[in-house]
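Participant: The residues making up each chain are set out below.
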Amino acid sequence: MTAPERDADDSDQADESAARLRALKPIDCDIHPPTPVMAELLPYLDDHWHEVMVSRGIDGLGLASYPPGAALSARPEWRGADGRPGGDLDLLRREALAPWNTRLAICHCLHGAAAMFSEDMGAALARAVNDWVAAEWLDREPLLRASILVSPRSAELAVAEIERCAADPRFVAVLLLAGGEMPLGRRAHWPIYAAAARLRLPIGIHAGSDFHNPITNVGWPSYLVEDYVDQAVIFQHQLLSLIGEGVFTKFPDLRVVLIESGFTWLPAFLWRATKEWRALRSEVPWVDRSPAEIVREHVRVTLQPTDAPPAPEDLARVMEQIGAERLLLFSTDFPHWQWDGGAVLPAGLPARLLPRIAVETPLETFPRLRHPAVPPRAPAIPIEGFAP
Amino acid sequence: MSEQVLERARESETRLGIVDCDIHPMLRSETALLPYLSQRWREELTTNGLRTRNPFVASYAVPKATPALSRRDSWPPSGGPPGSDLDFMRAQYLDPYGIETGILQVLIPSGKDQRNPAFGAALCAALNDWQVAEWTAPEPRLKASIIIPAEDAEASVAEIARCAGQRDFVSVFISARTTEPLGRKRYWPIFAEAERQGLPIGIHTGGSNGIAKTPSGWPSFYFEDHFGDALAMQPLLTSLVLEGVFEAFPGLKVAMIEGGFGWAPSLGWRLDQHWARMRSEVPHVKHPPSHYIRRQVWFATQPIEEPAERRDLRALIDWIGWDRLVFASDYPHWDMDDPRLAFKIALDEAETRAVFRGNASAAYRLA
Numbered sequence: 001m002t003a004p005e006r007d008a009d010d011s012d013q014a015d016e017s018a019a020r021l022r023a024l025k026p027i028d029c030d031i032h033p034p035t036p037v038m039a040e041l042l043p044y045l046d047d048h049w050h051e052v053m054v055s056r057g058i059d060g061l062g063l064a065s066y067p068p069g070a071a072l073s074a075r076p077e078w079r080g081a082d083g084r085p086g087g088d089l090d091l092l093r094r095e096a097l098a099p100w101n102t103r104l105a106i107c108h109c110l111h112g113a114a115a116m117f118s119e120d121m122g123a124a125l126a127r128a129v130n131d132w133v134a135a136e137w138l139d140r141e142p143l144l145r146a147s148i149l150v151s152p153r154s155a156e157l158a159v160a161e162i163e164r165c166a167a168d169p170r171f172v173a174v175l176l177l178a179g180g181e182m183p184l185g186r187r188a189h190w191p192i193y194a195a196a197a198r199l200r201l202p203i204g205i206h207a208g209s210d211f212h213n214p215i216t217n218v219g220w221p222s223y224l225v226e227d228y229v230d231q232a233v234i235f236q237h238q239l240l241s242l243i244g245e246g247v248f249t250k251f252p253d254l255r256v257v258l259i260e261s262g263f264t265w266l267p268a269f270l271w272r273a274t275k276e277w278r279a280l281r282s283e284v285p286w287v288d289r290s291p292a293e294i295v296r297e298h299v300r301v302t303l304q305p306t307d308a309p310p311a312p313e314d315l316a317r318v319m320e321q322i323g324a325e326r327l328l329l330f331s332t333d334f335p336h337w338q339w340d341g342g343a344v345l346p347a348g349l350p351a352r353l354l355p356r357i358a359v360e361t362p363l364e365t366f367p368r369l370r371h372p373a374v375p376p377r378a379p380a381i382p383i384e385g386f387a388p
Numbered sequence: 001m002s003e004q005v006l007e008r009a010r011e012s013e014t015r016l017g018i019v020d021c022d023i024h025p026m027l028r029s030e031t032a033l034l035p036y037l038s039q040r041w042r043e044e045l046t047t048n049g050l051r052t053r054n055p056f057v058a059s060y061a062v063p064k065a066t067p068a069l070s071r072r073d074s075w076p077p078s079g080g081p082p083g084s085d086l087d088f089m090r091a092q093y094l095d096p097y098g099i100e101t102g103i104l105q106v107l108i109p110s111g112k113d114q115r116n117p118a119f120g121a122a123l124c125a126a127l128n129d130w131q132v133a134e135w136t137a138p139e140p141r142l143k144a145s146i147i148i149p150a151e152d153a154e155a156s157v158a159e160i161a162r163c164a165g166q167r168d169f170v171s172v173f174i175s176a177r178t179t180e181p182l183g184r185k186r187y188w189p190i191f192a193e194a195e196r197q198g199l200p201i202g203i204h205t206g207g208s209n210g211i212a213k214t215p216s217g218w219p220s221f222y223f224e225d226h227f228g229d230a231l232a233m234q235p236l237l238t239s240l241v242l243e244g245v246f247e248a249f250p251g252l253k254v255a256m257i258e259g260g261f262g263w264a265p266s267l268g269w270r271l272d273q274h275w276a277r278m279r280s281e282v283p284h285v286k287h288p289p290s291h292y293i294r295r296q297v298w299f300a301t302q303p304i305e306e307p308a309e310r311r312d313l314r315a316l317i318d319w320i321g322w323d324r325l326v327f328a329s330d331y332p333h334w335d336m337d338d339p340r341l342a343f344k345i346a347l348d349e350a351e352t353r354a355v356f357r358g359n360a361s362a363a364y365r366l367a
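Chains as they are written, first to last, in my numbering: chain W, 1 to 388; chain X, 1 to 367.
Careful, some of the hints might be misleading.
Part of the chain W face toward chain X, derived, beta carbon under 8 angstroms [said to hold, decoys possible]:
#1 M182
#2 V218
#3 V233
#4 E283
#5 V284
#6 P285
#7 H371
Keep in mind the hints are simulated off the structure, nothing from the lab.
Positions of the beta carbon are idealized from the N, C-alpha and C atoms, including for glycine.
Isolated chain X, as found in the complex (with noise of 0.2 angstroms):
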């Protein structure tokens, strides 16, 4: 691709106003979330801690690329980690990029990965009045995506319900690595009332649920973890549609987010191929699997997905649908996408329009 080429798709993207689905932001430290906790969760967090199913006291059970998982540029200069400065955030991301609207997802600490439940549950609510006082009150760019104890669907429900009416919450988060397949019975109570409320689900790789991250036991490296973690994505939606999620809820809509999407048609392929054959053990999915992906799931764009050679990309896109396809970033993590220089096909200026803002203005219901 040409300079020329590039040029161009930032003049006109900065125009654009992008829409960006994947934005982490961080607490500046743990205690910066004891004034949205009461006082028994207080002590909690102080004396115990947070405890998952992970080995260390505060590391990940696979040692990350770089120190909080950043780019290493991204630190802000008043201290804290990645992500916990809105001042630096809008400097060094949402001015120069031209980004309308961030939708913000939450990754630590994980109220849904918590072994104490109730716990979990009030670190959710926590993290929910964290990112409105603290992020999408004082920056209207900023939306924030609702963080459930999603391991426990009536909790889950009422965090959704308390949330939902407010305009700052534009989705309901779910960490991939849930303890069962999604699309189980338990997670349905989730579905509904994220139907009910209009509210997209936006499902992030990661998550800690206690199961191997290989289907054949823990792997070494975070060459890996990291690829295992988008690998989930795949088992995830093969459960989603092969449960009847999509057939019980038929105005859910899902985000994957983090996962690529270059994988989503060969098992579309291939989830059509053995459901035809084997289709009398799931009555309840009425159509070929793929019509629910294309009917019912949007992905998100980052990690870009690179085929050795560019024209491929474009046909994984036509698979997917120019109009299922939604711009990601990840900023401040080491892997994140540059709007700018993430796709190295050159789109046109109505799949520029769709992928960087249309697409996800509709999904979330943004405009």
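This is chain W alone, in the form it adopts within the complex (with noise of 0.2 angstroms):
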């Protein structure tokens, strides 16, 4: 089913929504620069990694949840000369930033380094993947601000590139891909909440998958779009791994965005892991609250893919259900093909709550967004919390 057709009054009133969202100089919480090649990332590697990536001929670490050619992964127009997902900093800036008017937009770069098997090469393709992000994106455009991709295979190590990155301001989050080895929620990762908690920076879960385990729990699906479907399900397995692991009960000051994840599954889910909570809570009595209150208090989502009913009033009953003033965050999805034309405001979004979803809730969620963006001068040295 494609999208409904739009009559002219819609078609005006969605006019008007693009107009108050550029006035409101929106904060875009998930645009995508394109995965670096190995060439590119040869600068940032230090002289043992640079060997190694050459010696072996080591290339092509695009996640393959997102083939470049792929629909899904660029809209048409949002490709360079060369047909990359995103083109380059001008593309971005004309076909992302420019034409919301936008306030700060969040990068969070799609790299394998969170897929290796090797604790090491992961690590060192992590910092190198988010020195090029600070040089090549963040340092050309103050409008950027960056996630800390790391790879959860080493919590130790993922936690030393946090707080490496986490001297510099611009950085405003940790990226983990939804589909891993091991739960979210599992003990092994929670020296990366730690440090996260402490150094203010919300958790970002994005989709895609490291294919560690098949994607689905009834094995490898065929499809890209069965793939990409199925990741609202692993979204769902994570956030219950979270709850019932305690995560947000050992970490009270822990945000979890998940990014690109859907979210009108989001109150099926809630009714369901709030009734499976009330059965069965004697087994994980951490969980001191209802999940339904504990996603409220400590989970937001992006605004791309909606994955919207056909009528608008629908979808305004889910933004009710899931108090979207609190949970939802805007987000373009840059340069993945989520909506057409200037339609990134899904019909049936209440015009009201733009103000929290565009700035308000943006604020409250990425604490680091508030402070001015001075990059670090000399050798980064972590600072300990990061008082704004």
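From these two lone chains plus the hints, build me the complex, please.
Facilitator: Right, dumping it as structure tokens:
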């Protein structure tokens, strides 16, 4: 089913919403710089890893969850001359920042560093990607912020990378993939959450898998579209793990942002999770509030893809069910192809929520966005607590 | 909801004669299956025993909430596990609740999940014969589901063909945790045979396929494991739609059992949206995915959805279709739904008749 055809009134309304969005100067919580190829990362690798990458011919580490040629990976007009999703900084400025009068945009670099089996190689690549993002994107465009890419294989190495990057206030979140080796609630990951909470970095969980497990619990799907639809279920398992293991009890200041997860599944998920908790809470006594309450306090979701019901009033009902005024973060998901023309705001999104979604909730969720973005001058020294 | 509403519902449902799509009979003991097995497989069962992909000889990978997964009051006074004594099932459930038809779903032992495929097929056949001899023949209110070794399509087709002629069997049973997504071609002969025989396929949550219960590895708690089984229904249904099963078998009926149904509308929205963008990859899927779900999928009620606001339950069913929801109790398991209390909204007479009887009668051709 394609989107229902809009009559003139609808399109007037859409124009009006877009104008209001521009006036607000929104914060875009999910955009993607292109995935760097190895030649681009080499300057950011030390001698050892530089030699490893060159001598072994290692390259092509974009995530298979987003094949570069796929419709999902870039709108046709959001590719570079060579077809690369997202093109270059000029394209990003022209197509992602300018149309919405964007105040700030958070870059999530989807790179396979997070999917390496080797803890050391994953950490080295993540470090190079983060330095590349800082130098090639953040330094060149003051409206950009970024998440810190880490490999969760080794919490110890991930924490070191988080601390290293957190000295730069332009890094405003930690980036993990939805599909991984071990459920995200497990204790092995807790040092990452401790560091993130201490440094006031929310944990961003982005769609995509490291493919270390089949991406469904009934095996490997055949099609890319199937793979993508199934991502929403991966998020549901992860949310249940974070809740069930007591991560939010242990780290009361931690915020988790589900990025590119869709969110219309969230009401039914919360009804079921709350029902399960009522029946089985004696097994997880540290879960001291209902999953619905925990999510309301600790979890945020980005707008695109909306996966909207066909009737706008049904989407408006979903907004009420999830408490969108606290939960939802504006995102374009540039350059991924989630919406057409200028319709970044789905029909049924109540206009009164726009100031919350576009500005206030992002500022609450990513506290570092309030801080002036002065990059560190010299070799970064981790700053404990990073007081704003 | 007032007491008055509950009282009224109770009277009308008792009068109605309920069709319950999910009742679990249980072997009194493993040896109870021996009379239905050949000498070779009797020896296999008594020597090597049941061998699946679970780590324990006789426990679930993640321990359940209650002994035998069951209500604590459902252990028959005659001994044996819950669900193993027909007289007690009659006295505790079928008679007082006015169950006119109960459709059996045998979960244990799982023939499908056996690592020795020939033994698995033999177990399925034995369980089918056991269902008829010990349940449906002595109790005409009970109907059986054909247990199949679903990972072996050829053997499954043979077993469906062997049983389908008997009126005791009203559906084909597959547990949800298959080793590959269920829509893949290796399972298609099963769909072809079920369609040919006019038998719905009941997909019941559970089973063990050796794949981590979450797409990010194994969860720690039953709190996650129990929900994780229900979540499996989403990729499974997604696979059936996107592989083109409903396009290839337009007469096939699928019932999703014990996965709830609250997830179905939003899955339909997501499928429709991304299919619209990426449909060139799946040209065999000619209609929006939600079209096929509405056309060929039934949803069993249990565990009933409990939205924070009750009116949202009505909206869920409106999307699925009041003609597509079939009552299921899950007796005697711990999380069973009492037909008198399951719905926390008042259903009118026509809705009650449809959900508790009419829809299942039509889907399973019980009349």
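Participant: Confirm or reject each hint.
Facilitator: We went through each hint and held it up to the structure:
Hint status for M182(W) relative to chain X: holds, with the closest Cβ pair at about 4 angstroms, below 8 angstroms. The restraint placing V218(W) at the interface with chain X holds, with a minimum CB-CB distance near 5 angstroms, inside the 8 angstroms limit. Hint status for V233(W) relative to chain X: holds, with the closest Cβ pair at about 5 angstroms, below 8 angstroms. The beta carbon of E283(W) is positioned within 8 angstroms of a beta carbon in chain X (closest approach about 5 angstroms), and the interface hint is therefore held.
The criterion of a C-beta within 8 angstroms of any C-beta in chain X is met by V284(W), whose closest approach is roughly 5 angstroms, and the hint holds. Nearest Cβ of chain X to the Cβ of P285(W): about 11 angstroms, over the 8 angstroms cut. The hint is violated. For H371(W), the suggested interface contact is broken, since its CB lies about 32 angstroms from the closest CB of chain X, more than 8 angstroms.
The earlier numbered hints that this structure contradicts are 6, 7.
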